[in-house]
Amino acid sequence: MKTKILPEDIDTKGNFLNTFGKLEYELMVRLIVEKCQRFNRWDHFSLRGILDLVEADCPEHIIWRTLCPKAILNQLVENGWIIDEKNGYYNITDDLIKRCHERHPTNKKAPPNTLEQSRTGWRKVKKDEEYFVPPPSE
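Using this note's numbering, read the sequence shown as starting at 5 and increasing by one per residue.
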């Protein structure tokens, strides 16, 4: 991996909607990034390791009972986001890391002077008034 982006540089507190085109991809990628954040490094992973994280953190998470995680990983491999090492392990591509970081950086910087980031978007601030500016839609 050539990237200098660290797992901690990606914000996993929100959701990854509109990052990879399908909700199931975004859920899986978020779990993978969270796993890497726990170990503070980009590392290969197994399907079992990801499922263990789901069971440990949220055993009631219904989506994983209705989706097929192996099929989701296979789709991510086909789309070039993940590499199948053919030994039960998968690896993350630089493109996946860059995409996550571009869309979900940990320290989002506000444009100069007039905007402040709020939880739901940007607030435009003038001398004695402020008004909300929603985040741009993609």
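In case anyone wonders, no lab produced these hints; they're calculated from the structure.
Note that CB positions come from ideal geometry on N, CA and C, so glycine has one too.
Mixed in with the good hints there might be a few duds.
[What the hints assert, rightly or not] Derived pair list, reagent style DSSO-like, types lysine-lysine, alpha-carbon separation capped at 30 angstroms:
id	residue 1	residue 2
1	K8	K26
2	K26	K6
3	K74	K17
4	K6	K90
5	K90	K74
6	K74	K6
[As the list claims (entries may be wrong)] Pairwise CB distance ranges, derived in the manner of DEER restraints:
id	residue 1	residue 2	range
7	K17	A60	10 to 20 angstroms
8	R42	P109	28 to 38 angstroms
9	R52	N111	15 to 25 angstroms
10	N111	K90	17 to 27 angstroms
11	K17	L71	16 to 26 angstroms
Now the hints, each set against the structure:
no. : hint                           : result
1   : K8 x K26                       : holds (27 angstroms)
2   : K26 x K6                       : holds (26 angstroms)
3   : K74 x K17                      : holds (24 angstroms)
4   : K6 x K90                       : holds (22 angstroms)
5   : K90 x K74                      : holds (13 angstroms)
6   : K74 x K6                       : holds (27 angstroms)
7   : K17 x A60: 10 to 20 angstroms  : holds (18 angstroms)
8   : R42 x P109: 28 to 38 angstroms : violated (19 angstroms)
9   : R52 x N111: 15 to 25 angstroms : violated (33 angstroms)
10  : N111 x K90: 17 to 27 angstroms : violated (37 angstroms)
11  : K17 x L71: 16 to 26 angstroms  : holds (22 angstroms)
Checked against the numbered hints given earlier, this structure breaks hints 8, 9 and 10; the rest are met.
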